[in-house]
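Trainee: Listed below, chain by chain, are the residues.
2 protein chains.
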Amino acid sequence: MRKLFADNLRKARQARGISQQRLAELVGLRRTYIGSVERDERNISIDNIKRIATALGLKAVNLLGRDKEC
Amino acid sequence: MRKLFADNLRKARQARGISQQRLAELVGLRRTYIGSVERDERNISIDNIKRIATALGLKAVNLLGRDKEC
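Heads up: the protein sequence lines correspond to chains X and G, in order.
Using this note's numbering, the first residue of the first sequence is number 51, and each one after it goes up by one.
Using this note's numbering, the first residue of the second sequence is number 51, and each one after it goes up by one.
Heads up, some of the hints might be wrong.
A pair holds if it fits inside one copy or across any two, identical chains being indistinguishable in the list.
Pairs of lysine-lysine, BS3-like flavour, derived with a Cα cap of 25 angstroms [stated by the list, open to error]:
#1 Lys53 to Lys109
#2 Lys100 to Lys61
#3 Lys100 to Lys53
It should be emphasised that the hints constitute simulated quantities derived from the structure, not laboratory data.
The following block holds chain X by itself, in its conformation from the complex:
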């Protein structure tokens, strides 16, 4: 679950050409936090999932499911 979110996040961020630093600024979190989430090291909370998804123009479910599931 964490891994799927981490992979989806990295793909969505890179597809938009946004750096970890820029995403961190958009979301109001640290770049190191974004990096650790993308490395599957963080037990991220629902509030931060929502913030990150919104910053990427996505719904949280888009970052939490496989493409075929949504």
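With the hints as your guide, set chain G onto chain X.
Mentor: Same frame as chain X, now just chain G:
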């Protein structure tokens, strides 16, 4: 987002006729924790979202989206 998860969780739990106490036992969390999540009081983590969804026989996305989204 929290509210949507809280509402989906309560509906899914009640639809299965499972008490908060029973769900807590299945998931290895406290009943008071389940109650506070259903009251939208907790910034629940991705690991616990996954645990609860699995205990209810669901995918996490089923608890995080509206029906029309998934």
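Trainee: For every hint, state whether the structure bears it out.
Mentor: Here's how the hints hold up against the structure:
no.: 1; hint: Lys53 to Lys109; result: both (18 angstroms within a copy, 15 angstroms between copies)
no.: 2; hint: Lys100 to Lys61; result: both (17 angstroms within a copy, 21 angstroms between copies)
no.: 3; hint: Lys100 to Lys53; result: both (17 angstroms within a copy, 12 angstroms between copies)
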